[in-house]
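Student: Take the given structure of chain A and dock chain B to it, following the hints.
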Amino acid sequence: MVKKKITNRGFALKMIVWSLIRRRSRLLVALTGVTIGATVLLGLVTLCYDIPRQLSREFRSYGANMVFVKDGVTGRLEGETLDKVKEALPSERLVGLTPFRYEPVRNHMLPYTAVGTSFTDVRRTSPFWRVTGAWPGASGQVLIGTDVARATGYSEGSLLTLDGRNASQARYEKDFTVSGIVSSGGVEDGFIFMSLEDMENMTREPGLVDLAEASLTTGGASLPELVNLVKASVPGVEPRLVTRVTRSEETVLSKLTWLVYLVTLVVLTLTMICVTTTMMTVVLERRKEIGLKKALGAENSRVAREFLGEGVMLGVIGGLLGSFTGLIFARVVSYSVFGRGLSPEVHLIPITIAVSAIVTVLASLWPVRRAVDVEPALVLRGE
Amino acid sequence: MFFKMLLGALSRQKRKHLMIAFTVGLGVSLATAMLGVMFDVGDKVNQELKSYGANLSVIPKGASILSDLYRFQDEGQTNGESGSAGTSRAGSPIGANDPSGSSASSSSSSSAGSNQAGAADVANNFIPESELYKIKMIFWAYNIVDFAPYLSIDGFVGETSVPLTGTWFNKHLSLPTGDEVDTGMTGLKSWWVLDGPPGDDSEPNEVLVGKEAAQKLNLTKGSQFTISLKPGGEGMTFTVKTIFESGGEDDGKIFASLAPVQELADRKGLVQRVEVSALTTPENELARRAAQNPGSLTRLEWDTWYCTAYISSIAYQIEEILPMVRVKAILRVAQSEGAILEKTQLMIILLTVLTLICSALAISNLVTANVMERSVEIGLMKALGATGLGISVLVLSEILIASFVGGLAGYLVGLALSQLIGLSVFGSHVAIKLVVIPIGVLMVLLVSLLGSLPALRALLRLKPTEVLHGR
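Chains as they are written, first to last, in the working numbering: chain A, 14 to 396; chain B, 8 to 478.
Certain hints may be false.
To be verified - EDC-like mimics (lysine to aspartate or glutamate), calculated; alpha carbons at most 20 angstroms apart, straight line: (1) Lys223(B) to Glu251(A); (2) Lys223(B) to Asp84(A); (3) Lys218(B) to Glu251(A); (4) Lys237(B) to Glu270(B); (5) Lys97(A) to Glu251(A); (6) Lys268(A) to Asp50(B); (7) Lys83(A) to Asp258(B); (8) Lys21(B) to Glu298(A); (9) Lys218(B) to Asp84(A); (10) Lys223(B) to Asp161(B); (11) Lys301(A) to Glu384(B); (12) Lys268(A) to Glu349(B); (13) Lys223(B) to Glu252(B); (14) Lys83(A) to Glu219(B); (15) Lys301(A) to Glu380(B).
Derived from the structure by calculation, the hints contain no laboratory data.
Values in this document were obtained by computation on a predicted structure and should not be read as measured data.
So here's chain A without its partners, still in its complex pose (with noise of 0.2 angstroms):
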C-alpha cells in the first residue's frame, strides 16, 4: 500500500517534469505571462507602499509644518529647550530643524532685521531659497535679501557693518561679507542672515531664539499628535502647525496617493486577466492529451491533479523570476523619478509567488475541467 502511494506520486511527478520539458516552447510562453504578471504585481505594489512616502517627502519643499516657539506671549526659546524637541520629534521622519532670531541692527544709519539661523538646516527647511553666490561657509560672512541688496546696492563680496544695541542697552559694531544675495519672493528678501554664532559674537548675548521652524514628513502618528507629544514631553515650548501647508498637503498628497493606488488596481486588474487567457490558451490546446490520458484509463481527479501541479510550479518559477523583475521595475521608477532607491519589501516575495500560483492554477482548472467532462472519443476524434 504504502510502496504504491510512493510509486504514483513517483510516477506523477515524472509526468509533471516530462510535460514541462517536453513542451518547451509552449511552456516559455505560459512562463512569459506568469513572469510579466508577477512583475507587474511586484513592481506596483512595492511602488504603492513607497510612493507616498517618497511623495511626501517632496512636499516638504514647501518648507516648514511646524513651528516651535515660547509659550505665552513673548519671550525667546533657549537652545536646550530645542534639542529637548529634536530628542522628542521622530528623527527618521525629521527632514530638518531650523532656529531663528531676529535683532533689529542698522546699517550706515539705516534699519534692517537681522536674522541669526543655521544654514545647514535652512538649506533643508526652506529648500526653495534662491541663493546667487554662495552660502555663507566661515565665521562673518552674511546672506543678503534681494530687497535689501535692491535698496543697499551691495552684491557679493561688498563689506556691510552692522550696529545696533542689545538688550541691555551696550552698543555693539561689526564687520560682514556678503556672501550671496538670496531670493524667495516672501519676507526672506528683505532681511539680513547670519549664523547663530555670528549673532551671539556680534549682540554679545547667548543663544536664545525667537522660533525654530521644522519639517516632518508624513507617515506615523500624525502631524497634530505630535504637536501634543512635544507639548507634553518638552515644557515651555508652544508647537504650532502651519496649517496653510499641512492642509494643502493632505489634500494633494492624499489625492496623489488614491491615483497610485488607483492605477495599481486597474492595472494588476488588467494584467492578472492577462495573465488567465495565457494559460487558458496554453492548456486548452492540450485536449488531446488529456483525452489521451483518460482514454488510456487516468481518472478525472488524476488529470485535475496533474494540471493542478504543473500550474503550481509554473506559478511558482514565474513568480520567483517576476519578482526578480519586479524589483527592477519598482528599483527603475523610484530611481528616475525620485532620484533614491528603495527598500525591497521582502515580504511581498512569497505573497508574489503564492498570488502567481493561485492565478495560474485557477487558470488552467476552467478548461482542464471543460476537457475532462468530454468523453474522450470525442476529444481524440478532434470535435
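Tutor: The following block gives chain B in isolation, referenced to the frame of chain A:
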C-alpha cells in the same frame, strides 16, 4: 477563396479569436486609460496644487524695503529701540511662514497710516484698482486662476490697534474682451478654516475676523465694532460675519471688502499689493536664465520663453501690461509646484511606459500561443499546396481582425476607466486626447505582428508530414 477561408475561420474558431480579441482589448483599454491619465495628470495636479495659494506677488515699483525702514524709525522714535525690536519679533515668527509678501503689506500700512503722502508717493506705493482687470488680459490670461488685491491699514478698535485689510472676496469683472471673470481671495486661501460663510463683496459692512484678533478684541460672530484710524477717532462700523483660522499671521487681522477700507484710509481706487495664482509650467534652464535677465535670450529663445507658461514669463507679462508694478514669484509655492509636478508627471509616464511594455509582451505572448497551436492547420494547408505567403496572410488577417475588434472595445473600456480614475481622484473628467487612438492602433499592429510573425516563421519551416504525423 481567401475571404471565404477567412470568414470561415473567423466564424468557426470563435473561441480562439475571442481570446485574442479579449486580451488585445484588455491591453488597449489599459493603454488608453494610462495614456489618458498620463496626458492629463499634469493639468490636474497643477490645479490641485493651487490649494497652496498664490504663486505671484504684485507690488508697486516704488514699494521697496525703504518704506519698511521708515516704519522702524517711526516706531523707534515713539517706543524706543527695544520696543521696535519687540514688535518686529512678534510679527516675524509667523511672517516667516507666510510667503504672501507681508513686507509689502507692512510697508504700505505705514504710509497709509501716516496719511500725508504726496502724489508721487501715491504713484510709487499704490496700484490703481481700475487697472487690475488687465491681469486677466495677458497672453497667458487663461492660466490666471485667481487674483485678489489687498489694502492694509493699522486701525484702532477703541484703544487697541489691529491690522485691517481690504480685499476682493468674490469680485465679478467684465473684461473689454467680453469675458466675464469671477475672482477674489476666497479661492486663494483655501486652507482657511471658516466658522461661517465666506466673505461677500455685496455686503461691504460684514467682515472676516482672524481668531487671534477676535480674542484680542473680544469679538464673536455677529458682534459689531467700530474701527478708526486713530485711537478713539471717528470710524466705520462693521459686523463680524465669520471668524477664521489660518494658522499664520493672518489670524491677527481683520479682512473687509476693499471699498470701505479704501474710504477709511482715504485711498479711493488704490491697492497696495495683489496676489496672483497662476497655472505654470515647471521651470527649466531657459526659464531660469530668462528670470535673471530676459535680455540675454536670443530672439528664438525669447519667443519660446514668452509663449510658455513659465512663472517668470507670466510675471514679465504682468509687468508689461501694468507698468507701475514689480512682480515677484513666491518661490516657496512656485518652485515646489514645479518640482512636484515634474515628479508626478515623470512617475506616471514611467508607470505608463512600463505597463505598456508589459501588456504588449503579454499580448504578443498570447498571439504566439495562438499561432503555435495552429501547427496542424498550417501543415494541412501546406500539404494541400498553399504557399507560405498565402498562409501567413490568412493567419495574420485573422489575428489582425480579431485584434482590431478587441482593440475598439478596449478603447471604449479604457476611456471609461480613465474617466473613472479622473472622477474618483480629482473629481473632474479626464480630457479625451485623440492622440491616444493612433498610439493604440500602432500598439495593436506592432504587438500582433511581433507576436505572430516569429511563431509563423517557425511553423512554416516545419515539414507538413511531420506536423500532420503529430510531432
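Student: Now tell me, hint by hint, if it's right for this structure.
Tutor: To see whether the hints hold, each was checked on the structure:
1. Lys223(B) to Glu251(A): The given pair, whose Cα atoms are some 19 angstroms apart, holds under the 20 angstroms limit.
2. Lys223(B) to Asp84(A): Given that 20 angstroms is the threshold and the Cα spacing comes to 17 angstroms, the pair holds.
3. Lys218(B) to Glu251(A): holds, 17 angstroms
4. Lys237(B) to Glu270(B): holds, 15 angstroms
5. Lys97(A) to Glu251(A): holds, 13 angstroms
6. Lys268(A) to Asp50(B): At roughly 14 angstroms apart (the allowed maximum being 20 angstroms), Asp50(B) and Lys268(A) satisfy the hint.
7. Lys83(A) to Asp258(B): holds, 18 angstroms
8. Lys21(B) to Glu298(A): Answer holds: Lys21(B) to Glu298(A) is near 14 angstroms, not above 20 angstroms.
9. Lys218(B) to Asp84(A): holds, 17 angstroms
10. Lys223(B) to Asp161(B): With a Cα-Cα distance of about 15 angstroms, the restraint between Lys223(B) and Asp161(B) holds, given a limit of 20 angstroms.
11. Lys301(A) to Glu384(B): holds, 15 angstroms
12. Lys268(A) to Glu349(B): The hint holds at about 16 angstroms.
13. Lys223(B) to Glu252(B): holds, 14 angstroms
14. Lys83(A) to Glu219(B): holds, 17 angstroms
15. Lys301(A) to Glu380(B): Holds - the C-alpha atoms of Glu380(B) and Lys301(A) are around 12 angstroms apart, at most 20 angstroms.
The earlier numbered hints are all upheld by this structure, with none contradicted.
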